[in-house]
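Asker: Sequence:
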Amino acid sequence: MAAETPFPGSERPVIVWLRDDLRLSDNPALTAAANCGRRIICVFVHDEESEGLRPLGGAARWWLHGALQEVDNALRARGGRLCVYRGVASAVMPQLAADSKAAAVYWNRRYGAGERRVDEAVKTALKTQGIEAKSFNGHLLYEPWSIKTKSGTPFRVFSAFWRAAHEAGEASQPLDVPSRLNLFHGPCRQASTPRVELADLALEPSSPDWAGGLRSNWRPGEAGALAQLEFFLEEHLNEYADLRDFPGRLATSRLSPYLRFGNISPRQLWHAAEAAANAATNPGVHRNLEKFRSELGWREFSYHLLYYNPEISSQNLQTRFDGMPWRTDADAIRAWQLGKTGYPIVDAGMRELWTTGWMHNRVRMVVASFLVKHLLIDWRQGEAWFWDTLVDADPANNAASWQWVAGSGADAAPYFRVFNPVLQGEKFDPDGRYVKRWLPELDGVSSSVVHRPWQRGSKVEVYPERIVEHDFARQRALDAFKGLG
DNA sequence: TGACGTTTATG
DNA sequence: ATAAACGTC
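Under the UniProt record's numbering, the first residue of the first sequence carries the number 1, and numbering increases by one thereafter.
These aren't lab readings, by the way, just hints derived from the structure by calculation.
Small disclaimer: the values here were computed from a predicted structure and weren't measured.
Each residue gets a CB set at the ideal place from its N, CA and C atoms; glycine is no exception.
Don't take each hint at face value.
Said to hold, decoys possible - No farther apart than 25 Å at their CA atoms in a straight line, the calculated lysine-lysine pairs in the DSS-like style are these:
1. K123 x K134
2. K427 x K291
3. K291 x K148
To be verified - For each label pair, taking beta carbons as the anchor points, the in silico distance ranges come out as:
4. S448 x R54: 39 to 47 Å
5. T149 x G485: 21 to 29 Å
6. E469 x E49: 44 to 52 Å
7. A227 x L478: 41 to 49 Å
8. E167 x T328: 41 to 49 Å
9. R433 x E49: 45 to 53 Å
10. E461 x V177: 55 to 63 Å
11. E234 x S179: 22 to 30 Å
From just these sequences and the hints, can you work out the full model?
Answerer: Right under this line is the structure:
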């Protein structure tokens with residue numbers, strides 16, 4: 001067969017390398033490519049081989065598939081397509097750039113250690129080939145190196161970090177989808193590495209197909225993100241501060257998986273929330289806006305911690321926790337994973353997670369506290385389960401939040417702060433609406449005992465026995481903490 | 001972005 | 001007698 005030009009056309013194209021920025025709006029790399037006037041090739045490389053890249057969990061893989069599909073659809077609607085490859089990115093990208101005779105490769109930055117190593121290797125290889133490599137900020141309001149203490153060290157306390165972030169200036173305005181995209185629409189051939197179909201990546205579960213609950217609860221991709229944002233701003237922003245902690249109210253934004261894969265950007269949320277607040281007339285608008293923004297702030301802080309603590313998902317930030325006498329208890333872990341601990345608020349959360357790939361934020365704190373403190377099981381076990389089951393499993397947020405709950409984090413909850421799952425349930429799910437949604441065992445149980453079904457008179461016979469009793473577990477956790485010195 | 005036992009204030 | 005307030009984990 002005669003050799004054919006992999007990417008025909010006389011003019012040298014620009015490659016946009018998409019990663020955790022699966023959107024067309026507010027995408028600085030894409031906008032820069034559009035502005036440079038060259039033809040644009042949009043590329044995704046599925047890299048499961050490079051050292052230091054953590055393989056995605058099952059739920060996240062499902063989301064990634066849907067988000068990539070949506071990017072491809074959006075590009076096709078504009079006369080282009082998404083070119084998908086598989087392999088070691090630091091080899092594939094330079095080869096692809098050479099084969100396509102690209103003038104430049106643009107991407108939005110990542111902040112994990114392994115990801116930065118890969119991106120650095122790509123940049124070095126491209127420059128050796130005389131190809132321009134340029135990176136942008138599409139993932140954060142404030143990149144880690146732009147926020148520092150007066151003495152030049154990274155922040156370790158959220159409130160101080162967030163105050164300094166405000167002083168660093170307002171997040172910049174989001175970019176529109178480029179009005180003119182000169183997209184490449186050819187067959188995406190490459191001489192060295194064959195292009196693959198999205199389905200070839202096998203990101204979706206096949207048999208058994210466990211993704212039904214995910215499919216019926218989520219619509220991955222940019223259009224789904226914008227729809228969810230509009231719904232949240234319309235229905236829930238104006239009661240956000242008061243109701244976000246009540247899992248029965250569905251008052252949170254539910255935007256986390258979209259942020260994780262960059263189906264929407266924090267800059268878009270920052271400014272869209274402000275616009276919605278300005279248009280509202282009810283009292284407390286400012287308080288709700290600031291509360292929502294501070295949740296974006298926690299995400300920023302997590303990325304700050306990840307950048308300065310590359311091993312955050314495997315190493316205690318406070319090394320004294322290395323001496324914690326974690327228990328080995330496979331039965332307890334299994335009961336926790338399955339939502340059969342005997343505590344309704346814990347069990348409801350874990351079943352919501354298993355069914356939908358997501359869990360309400362308040363309940364995440366309760367189930368995490370239960371695993372780490374009541375069961376004395378290493379937070380890394382919980383982090384790993386969340387990594388595999390959450391559609392929003394995020395390299396920064398997941399690890400930083402688990403360490404926060406465990407008490408091993410930088411600015412962590414004190415270890416002696418042990419959530420009482422009964423009181424948390426009664427306080428934040430007073431009518432039992434949330435636990436009943438996920439626990440059919442509790443049908444018809446009165447709200448007065450729905451969070452303590454073992455109590456005499458609750459008439460709950462089928463509910464799992466408590467795997468550990470609260471007072472005992474609390475004391476055991478406090479003793480273990482005291483032993484850390 | 002807790003819980004809990006104890007003390008103190010108020011009637 | 002009950003509820004704030006307080007100290008400790």
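Asker: For the pair supplied as a hint, K291 and K148, is the alpha-carbon distance within the 25 Å limit?
Answerer: holds, 23 Å
Asker: Does the Cβ pair S448, R54 satisfy 39 to 47 Å?
Answerer: The hinted range 39 to 47 Å holds for S448 and R54, with Cβ atoms some 45 Å apart.
Asker: Starting from the hint 45 to 53 Å, judge whether the C-beta atoms of R433 and E49 obey it.
Answerer: The hinted range 45 to 53 Å holds for R433 and E49, with Cβ atoms some 46 Å apart.
Asker: Between E461 and V177, does the beta-carbon spacing fit 55 to 63 Å?
Answerer: Holds, at about 57 Å.
Asker: For the pair supplied as a hint, K123 and K134, is the alpha-carbon distance within the 25 Å limit?
Answerer: Holds, at roughly 8 Å.
Asker: When you take the CB atoms of E469 and E49, is the distance between them in 44 to 52 Å?
Answerer: Once the Cβ atoms are compared, 47 Å apart, the range 44 to 52 Å for E49 and E469 holds.
Asker: If I claimed the Cβ atoms of E234 and S179 lie 22 to 30 Å apart, would that claim hold in this structure?
Answerer: holds, 27 Å
Asker: Go ahead and decide if the range 21 to 29 Å is satisfied by the Cβ distance of T149 to G485.
Answerer: holds, 28 Å
Asker: Given the hinted pair K427 and K291, is their Cα-Cα distance within 25 Å?
Answerer: At roughly 20 Å apart (the allowed maximum being 25 Å), K291 and K427 satisfy the hint.
Asker: Indicate whether the distance between the beta carbons of A227 and L478 respects the range 41 to 49 Å.
Answerer: holds, 46 Å
Asker: CB of E167 to CB of T328, is that within 41 to 49 Å?
Answerer: Given a distance of about 47 Å, which is inside 41 to 49 Å, the answer is holds.
In terms of the numbered hints stated before, the structure departs from none.
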